[in-house]
Amino acid sequence: MNTTVTQDMSFLHLISSASLPVQLVMLILVSISFFSWWFIFRKLFVIRHEIKKTDEFEDIFWRGADLNALYQRATSSRYVSGSMERIFAAGFGEFNKHPQGTDTEAVMESTRRAMRATYQREMDYLESHLSFLATVGSVSPYVGLLGTVWGIMNSFRSLSSMTQATIAHVAPGIAEALIATAMGLFAAIPAVVAYNRYASSTDQLATRFESFMEELSNVLQRRAV
Amino acid sequence: MAMSASILRNAIHTEPRVLLAGGLAVLVHLIFVALMIFSLNWKDHPPEGMTVDIWSEIPKPVQEPVKSQPLPKQTPKPEPQPEPQPPKPEPEPPKPEAVKPAPQPPKAVVSPPVKKPDIALKQKPEPVKETQAEVEEQKKKEQEKIKEQEKLKKEQEKQKELEKKKELEKQKEIEKRKEQEKQKEQERQKELEKQQELKKQKEKELAAQQRQRELEAKAQREAEAKRAAQQAAARAQITNEISKYKALILAKIRSRIVMPPDLPGNPVAEFNVTLLPGGDILDVRLSKSSGHAVFDSAVERAIFLSKPLPLPPDPALFNEFRNLNITVHYRE
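Residue numbers (this note's numbering), protein chains in the order written: chain U, 1 to 225; chain S, 1001 to 1332.
Keep in mind the hints are simulated off the structure, nothing from the lab. Among the clues, some could well be false.
[Stated by the list, open to error] Short, incomplete list of chain U residues facing chain S, as computed with Cβ under 8 Å:
1. Phe11
2. Ser16
3. Leu27
4. Trp37
5. Trp38
6. Phe132
7. Asn154
8. Phe156
9. Met162
[Unchecked claim] Computed footprint of chain U on chain S, listed as stretches where at least three residues anywhere in the stretch have a Cβ under 8 Å from a Cβ of chain U:
10. 1199-1208
11. 1311-1318
From the three backbone atoms N, C-alpha and C, an ideal C-beta is built for every residue, glycine too.
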């Protein structure tokens, strides 16, 4: 490392003077942190958008709007639809495919299957990248710790060649090693917070979709009879 | 229907504001890095100042590399400037000194010889004129002499007057000096008197302080004596209490003894009794037998019968009663 001790302790100097494994760990952590923040913001926008759309659709649906008009609107290519609208469109489209007079139970069964399939796809879309956030939250502290341990090992190994061991010989190595832990924590903390928050919001949305599916199948059954 | 299904599947993948999210992520990291850099730099400033202070004590050659560049530039400049300046003046003074003395003495030597010839020339023409008007000159000389004499007389008189005046002035000065000395002596005496007064005052103050101290000491002694007396009284009370209760215990035990009849002389039995708080008896041991087993056993029974023994109400005094030595005489 540097021969002149405690000359420059600035952040950039510490990073640039770190050993190669520590620098690799730091690089990994920076990229992990960047992706986790990117997904945090992406999921924030997606979930916000989804909640807003669901509120709007439920409001329109329970005000007693015409189901055919709603179906037209949901399937039009210009309109940006929400998850609940897509579930509705799948169910209503499947229901209308069957000609009048077929067995009601069979019609309802196929309708429910169609809605469930769309529901699964929608939930998969909403929950995408959440597992990544969970992984970042649990793993990146360990990765940072690995870098720190490696850096401290190196600084102590360099200490063994000294006749007089002072804290000034070890301190810079430990400081630069601890930056890795700081990075790991910086990546982990927001990821964990975001994961918990987004998991609860997607759960809420899932219950809303499921209850809507049940209610819609009731409405359609009444029509079929 | 196939059309609508394809539209639905495509619609799933339109995610809002992906790029904005990326930009925000970059922004967050930039803020974090900036915070780290600035916060770490701020923390590093005091230690740097410390290192400069420490190095400044070590010899100069080390000082120059460690200090920042502007400082060494400033320090060398003043140092060389003074150094060249002193040498310049030093060479200069010797030169003028060496040159001037040389010309000056010659001038001084030359000028007197030049003047002397002038005087000699003036003196020489006078004897030449004597031949034509010696008488007139003599008369003039006589007149001049007379005048000079008169002048001398006048001057002498003036001198005498001046001397008289000087003497008067001297006398006056002497008188003044005497007066001044007298005044000084008076002032000294006054100062001495003042000092003496101050000393007296100080002595008085000291005496007063000593008196106060003595009074305080007396008060302290009295207070101590009072305390001692009170303590003694308390001790006396305690001892009184202890002896009173010991007497009570003995009296109670005595009242319970069933005396064996017709023992010769006055046998004494001594017992060591261990008490519990509250007056219960833990242990009774015969420390010195009376010589009559009947009497010893009678006393022992009486001690056990007389429990609880009377104890003072103050629990602090129980330590005096924990191990009691009871001596019982056959006859009172």
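- So which of those numbered hints doesn't the model satisfy? 2, 3, 6, 7, 8, 9, 10, 11
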